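Undergrad: Next come the chains, spelled out residue by residue.
2 protein chains.
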Amino acid sequence: MASSSATGADHLAHERSKAKFDVEAMKIVWAGSSHEFRVSDRMAHLVASDPSFRRENRAVLSRKELFTKALRKAAHAWKRINELGLSDEEASWLWFYVDELTFAYIHWGMFVPAIKGSGTEEQQNKWLPLATTMRIIGTYAQTELGHGSNVRGIETTATFDPTTDEFIIHSPTLTSSKWWSGGLGKIATHAVVYARVITHDGQDHGVNGFIVQIRSLDDHLPLPGITVGDIGTKFGSGAFNSVDNGVLRFDHVRIPRNQMLMRVAHVTREGKYVLSNVPRQLLYGTMVYVRKTIVVDSSIALSRAVCIAARYSSVRRQFGSQNREINGIAVETPVIEYKTQQSRLFSLLASAYAFRFIGEWLKSLYTDLTRKLEANDFSTLAEAHACTAGLKSLTTSSAVHGIDECRKLCGGHGYLNSSGLPELYAVFAPACTYEGDNTVLLLQVARFLMKTISQLLHSDQTHKLSGTIAYMVLMDHYLIKYCCSVEKAEDWLKADVILKVFEARAIRMCVACAQNLAKFADPSEGFSELSPDLVEAAIAHCQLIVVSKFIEKLQQKIEGNGVKQQLETLCYIYALHLIHKYSGDFISTGSLNPKQASLANDQLRALYVEVRPNVIALVDAFNYTDHFLGSILGCYDGNVYPKLYDEAWKDPLNDSVVTDGYPEYIKPLINQQLLNARL
Amino acid sequence: MASSSATGADHLAHERSKAKFDVEAMKIVWAGSSHEFRVSDRMAHLVASDPSFRRENRAVLSRKELFTKALRKAAHAWKRINELGLSDEEASWLWFYVDELTFAYIHWGMFVPAIKGSGTEEQQNKWLPLATTMRIIGTYAQTELGHGSNVRGIETTATFDPTTDEFIIHSPTLTSSKWWSGGLGKIATHAVVYARVITHDGQDHGVNGFIVQIRSLDDHLPLPGITVGDIGTKFGSGAFNSVDNGVLRFDHVRIPRNQMLMRVAHVTREGKYVLSNVPRQLLYGTMVYVRKTIVVDSSIALSRAVCIAARYSSVRRQFGSQNREINGIAVETPVIEYKTQQSRLFSLLASAYAFRFIGEWLKSLYTDLTRKLEANDFSTLAEAHACTAGLKSLTTSSAVHGIDECRKLCGGHGYLNSSGLPELYAVFAPACTYEGDNTVLLLQVARFLMKTISQLLHSDQTHKLSGTIAYMVLMDHYLIKYCCSVEKAEDWLKADVILKVFEARAIRMCVACAQNLAKFADPSEGFSELSPDLVEAAIAHCQLIVVSKFIEKLQQKIEGNGVKQQLETLCYIYALHLIHKYSGDFISTGSLNPKQASLANDQLRALYVEVRPNVIALVDAFNYTDHFLGSILGCYDGNVYPKLYDEAWKDPLNDSVVTDGYPEYIKPLINQQLLNARL
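Top to bottom, those sequences are chains A and B.
Here UniProt numbering is used: position 349 in the first sequence is 349, and no number is missing along the way.
Here UniProt numbering is used: position 270 in the second sequence is 270, and no number is missing along the way.
Calculated directly from the structure, the hints in this document are not laboratory data.
Some hints here could point you the wrong way.
The list makes no distinction among identical chains, and a pair is therefore deemed to hold if it is satisfied within one copy or across any two copies.
Computed list of lysine to any residue pairs in SDA-like fashion (alpha-carbon distance at most 25 Å, straight line) [to be verified]:
1) 126 to 483
2) 581 to 499
3) 27 to 455
4) 126 to 667
5) 595 to 113
6) 69 to 278
7) 650 to 251
8) 481 to 594
9) 64 to 654
10) 339 to 398
11) 18 to 562
12) 549 to 536
13) 667 to 50
As the structure is a computational prediction, the values presented were derived from the model and not from experiment.
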């Protein structure tokens with residue numbers, strides 16, 4: 001089903017005809033299941049066919065115009081969801097395809113989950129019906145002007161006043177101003193505000209969430225004691241500028257005691273701070289949930305960019321062999337034929353698939369973890385937490401870099417907003433920072449890995465290693481006996497060979513770090529001093545996870561003619577391009593020798609040849625509509641040049657033939673009369 | 001002289017007091033000479049103190065507002081240049097510090113140089129007086145909708161009509177539409193248009209430049225036969241959106257024969273195409289000039305970002321040691337103390353200095369080349385061309401990546417436009433594509449290197465190797481005898497050790513490519529097949545050039561207490577961070593062993609400790625005013641938080657307390673009345 005090649009010829013038909021696999025079956029693999037494919041496909045087309053969701057050129061709008069147009073789309077989306085009686089699942093796909101960042105994104109993605117995660121059953125019963133019908137609009141106010149990664153450093157206070165049974169929420173300093181919360185600046189009526197719990201005796205019990213009303217439900221004015229506004233514009237045109245990320249200050253704002261989110265702790269009527277019997281670790285479950293979502297987002301963001309770059313690379317021609325003619329006219333070579341283009345583009349295509357499957361796997365990890373946590377089993381929490389943190393870091397960094405690579409692969413035209421790539425970049429760039437700065441997260445992973453190594457070295461707890469660190473029980477084997485068996489390029493087409501070399505590299509880098517750490521008298525000084533190396537070890541571990549889960553995916557039953565074979569090719573491309581890129585790690589740890597690295601590179605070249613005829617079909621399998629892609633370069637029918645040309649004329653600068661500003665600034669300039677002009 | 005710490009405390013004073021070198025002397029080293037320092041400093045302050053050049057928040061403006069405000073600044077700049085009777089040198093610094101992209105940028109940077117480079121003396125006498133007084137405004141129209149890198153593929157035709165002694169300029173296809181030319185869309189009166197010269201006999205003589213008038217000098221209307229407009233918005237807010245990059249089509253537009261730029265070829269009155277005795281290679285001189293300029297731009301763009309990130313990293317505190325208190329209050333640790341922050345930031349600081357010096361060296365290379373070309377000596381042209389192409393690629397790629405790294409190093413706040421980093425990124429990102437796509441350029445370098453190797457292997461021309469490839473005469477030595485002598489970390493503090501290891505790696509990668517190429521029967525097929533490896537070899541060669549010129553710089557006399565020592569530290573950081581990052585290359589070619597690579601990393605850590613107290617002074621030495629930096633995070637006095645807070649309230653969304661769009665979209669939503677609402 002051609003997404004939206006409504007009229008005209010399909011300029012990519014010859015590419016599509018080359019595919020050696022069942023694209024429709026691959027669409028289901030990409031979607032996760034037939035059910036998910038059907039629901040998402042239906043919602044994608046519902047959005048694409050609704051004129052109210054049409055994309056405008058956001059870059060030409062002023063901030064205010066951009067913002068109010070986005071409000072309109074959000075209201076329309078919510079109206080349609082109710083009119084059509086869409087299920088939660090359908091509604092969430094509809095928001096997804098509308099693809100316009102607004103307060104709704106934070107309301108559904110952060111506010112509602114925060115209440116679910118940190119509210120008692122009673123609190124959930126009170127607030128969720130209001131929130132899920134959007135009778136209140138919420139935001140999530142954790143980060144402060146001076147406090148990001150270090151949540152424990154938050155300064156906002158919630159001081160309990162037993163005389164009135166209220167908390168007094170207060171911003172004691174400028175740096176305690178809440179900052180960044182999406183939807184807060186101009187829209188949210190409520191916020192989950194993180195503040196230090198101070199009891200009457202002056203004791204500080206650390207940070208907890210509170211539900212605080214920000215604006216009146218009658219006239220939308222900020223409530224007394226509240227100063228709230230937008231923090232200003234952000235990277236890119238469009239992008240997050242349709243969101244009112246906000247600043248918020250409290251001047252002794254009073255809220256009822258029962259608006260403290262009390263799942264793990266509460267303050268009694270008398271002012272006593274009491275931990276509930278619900279373990280604090282449960283809150284990590286929410287963190288795992290949010291980060292898992294970001295991993296899924298990474299695969300989507302990267303796959304959009306790859307789809308655009310792949311289609312345009314098949315249309316764009318530059319230079320060429322002298323003997324290439326069509327209808328007697330010499331034509332240039334499509335840039336997708338160039339090996340330099342292929343090595344960059346195809347490895348990103350493979351990454352998009354790899355991240356898709358790791359995201360899918362994280363969903364099952366989360367389900368499993370939730371079940372265990374509910375049964376008070378915390379045995380896998382640390383591992384699940386480290387794993388999700390690391391994968392969030394790895395996939396967002398790679399996706400952001402990959403999107404920019406795709407822009408460069410589209411040459412000059414990729415720099416036009418109509419390519420869709422600049423906005424994609426600006427939208428996804430902050431994913432490296434929000435929900436855990438990527439470097440901070442990798443250090444958390446490293447800390448977990450060092451702890452694991454230390455346990456292995458100093459105790460007999462090897463039987464406890466499960467999940468993504470299970471391979472570490474083979475530490476001795478990898479340190480002493482292991483030797484990569486590759487002798488010829490085709491040896492790299494064996495899953496277990498690849499797995500072992502990634503395991504060897506990760507474990508050797510970890511052990512090297514552990515050995516260097518041991519040289520420091522003060523372990524925390526050592527950790528700080530060696531942190532750049534620890535980050536590299538953590539990356540090696542995370543790359544291993546992605547590779548191993550891709551390989552596991554291939555061991556499942558996969559339907560469709562040729563589908564599994566394509567995925568195998570992509571899996572090897574993903575693994576071998578990493579071996580090439582990180583050859584310094586692999587070789588210096590002795591996990592492979594230079595000759596084997598060179599053979600990996602040879603095999604990689606051969607895999608590029610194999611995947612080449614399938615590339616367009618492999619991006620078609622993402623099933624993105626032209627509406628969702630929002631890119632002229634990536635349009636399904638490949639009819640790029642007429643569309644670029646037509647789009648150009650829509651710019652407001654083209655409204656008049658003689659430009660605004662000509663009489664004041666240009667005419668006097670070329671007439672040499674500037675000296676007398678008032679500018 | 002504090003750039004603009006006009007009032008208030010200097011929050012970075014403690015950092016500045018730590019510096020172990022003479023900052024004022026370093027400013028002169030950075031500027032290139034006392035003279036250049038004085039002129040640029042004067043112009044920087046002239047611009048910073050002029051209210052008409054004040055930066056507005058460009059991101060909140062509509063495209064039209066943005067565009068006309070930029071026109072106003074350009075007109076004001078030209079007015080001031082004339083009022084003050086500024087010299088060319090001063091004027092060029094003034095444009096630089098105004099830092100607003102407009103038609104003027106292309107007029108001075110491309111149009112005027114094109115006439116100088118390709119026009120005859122007669123043509124220069126006619127056109128330059130008009131252009132340099134801005135009585136005409138010009139642009140450079142080479143790229144077409146369908147043709148970028150491959151200039152020979154350009155489709156626009158200039159057919160000579162001997163009956164009228166005119167050329168007929170014509171756009172035969174949609175893809176022949178001129179595209180991207182800055183200032184063309186709404187402003188330029190003239191353009192240097194590149195078109196295929198077709199003589200009356202139908203013969204195609206390839207591409208040449210023509211001066212074509214685009215708009216009337218009376219009323220600014222496009223001339224008959226000309227279709228011209230803006231191509232639409234581009235990456236980022238502000239950035240290149242203040243430039244009217246344009247589209248241009250010709251419908252049989254006639255121009256006088258003498259508007260063909262005739263320095264290297266002309267068409268006679270009778271219609272005969274004649275090559276002049278001026279060698280075509282002269283045109284390469286212009287290319288070297290433009291690319292040299294871009295290398296200089298790279299160091300400026302990167303240094304701006306590094307200055308912002310370094311200052312903010314010294315102000316921003318996050319997490320911290322428990323025993324750190326100021327006035328009895330526990331404080332967090334400045335993020336610049338974290339080794340993960342240092343390894344990223346300090347290597348970029350070193351790169352900024354390295355690129356500054358390579359840019360300076362390229363200026364002398366260009367001067368030398370020009371002198372030789374004028375004496376009909378083309379012996380160094382190929383080497384100079386390859387070297388400039390490669391360095392343009394290397395420095396722009398590194399700078400673009402570095403700017404984004406600096407944004408990430410500033411955490412969430414780096415994503416705010418008020419950090420200055422988003423616009424810096426969007427402005428510099430296209431440098432990887434324009435004036436030669438970076439990958440295409442590296443392949444040109446690789447081609448030159450392969451030719452050199454082949455000459456070395458197959459002939460006795462070793463005496464001809466000079467300049468940046470002189471080291472290749474030692475090929476045999478490096479292939480057979482060379483062995484890195486490093487035994488302990490401090491051995492890496494020897495310039496000749498570093499130089500040799502970079503030479504060994506470059507030459508071994510080149511020779512490996514040459515050997516693999518030799519296995520192909522068809523050399524062009526081999527070159528295509530191995531192009532990703534060739535690109536890597538070219539990068540290795542270019543990195544060697546940067547390292548070697550930095551080392552050469554240190555052999556010059558450098559004034560100022562401690563200045564040379566700082567530069568040495570930076571030079572070693574630059575070299576050793578590359579050895580770490582590209583350890584795969586170095587180790588797999590046997591240029592060093594894993595132990596030596598590990599020692600390089602140890603030494604790098606020690607160098608970070610050494611440079612740490614000097615970092616703020618090293619970015620102060622760039623001598624950037626707060627106006628030029630355009631960044632709250634990078635402001636000289638480090639008083640970041642109050643400025644961020646104040647800036648937020650200036651956003652137009654904060655003009656009203658209750659937001660535009662509330663009555664239509666938010667009120668009915670929270671009142672559950674959307675179903676009846678007309679959106």
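Undergrad: Take the hints in turn and mark each one as holding or not.
TA: Status of each hint after checking the structure:
In this assembly of identical chains, the alpha carbons of residue 126 and residue 483 never lie at most 25 Å apart, being 61 Å within a copy and 74 Å across copies at closest. Proximity of residue 581 to residue 499 under the C-alpha cut-off of 25 Å is found in both arrangements, the shortest distances being 17 Å within a copy and 24 Å between copies. For the homomeric pair residue 27 and residue 455, neither the shortest alpha-carbon distance inside one copy (44 Å) nor that between copies (53 Å) is at most 25 Å. Only between protomers do residue 126 and residue 667 lie at most 25 Å apart by alpha-carbon distance; the minimum there is 21 Å, versus 66 Å within a single protomer.
Taking the shortest Cα distances, residue 595 and residue 113 never come within 25 Å of each other, neither inside one copy (51 Å) nor across copies (50 Å). When the C-alpha separation of residue 69 and residue 278 is checked against a cutoff of 25 Å, the pair qualifies neither within a copy, at 44 Å, nor between copies, at 59 Å. In this assembly of identical chains, residue 650 and residue 251 lie within 25 Å of each other by CA distance solely across copies; the values are 22 Å between and 48 Å within a copy. Taking the shortest Cα distances, residue 481 and residue 594 sit within 25 Å of each other both inside one copy (19 Å) and across copies (19 Å).
Both within a single protomer and between protomers do residue 64 and residue 654 lie at most 25 Å apart by alpha-carbon distance, with minima of 22 Å and 10 Å respectively. With identical chains, the CA atoms of residue 339 and residue 398 are at most 25 Å apart both within one copy (21 Å) and between copies (22 Å). For the identical chains of this complex, residue 18 and residue 562 are intra-copy neighbours only, at 13 Å inside a copy versus 65 Å across copies, given an alpha-carbon limit of 25 Å. Taking the shortest Cα distances, residue 549 and residue 536 sit within 25 Å of each other inside one copy (20 Å), while across copies they are farther apart (30 Å).
Taking the shortest alpha-carbon separations for residue 667 and residue 50, only the inter-copy value of 23 Å comes in at or below 25 Å, while the best intra-copy value is 45 Å.
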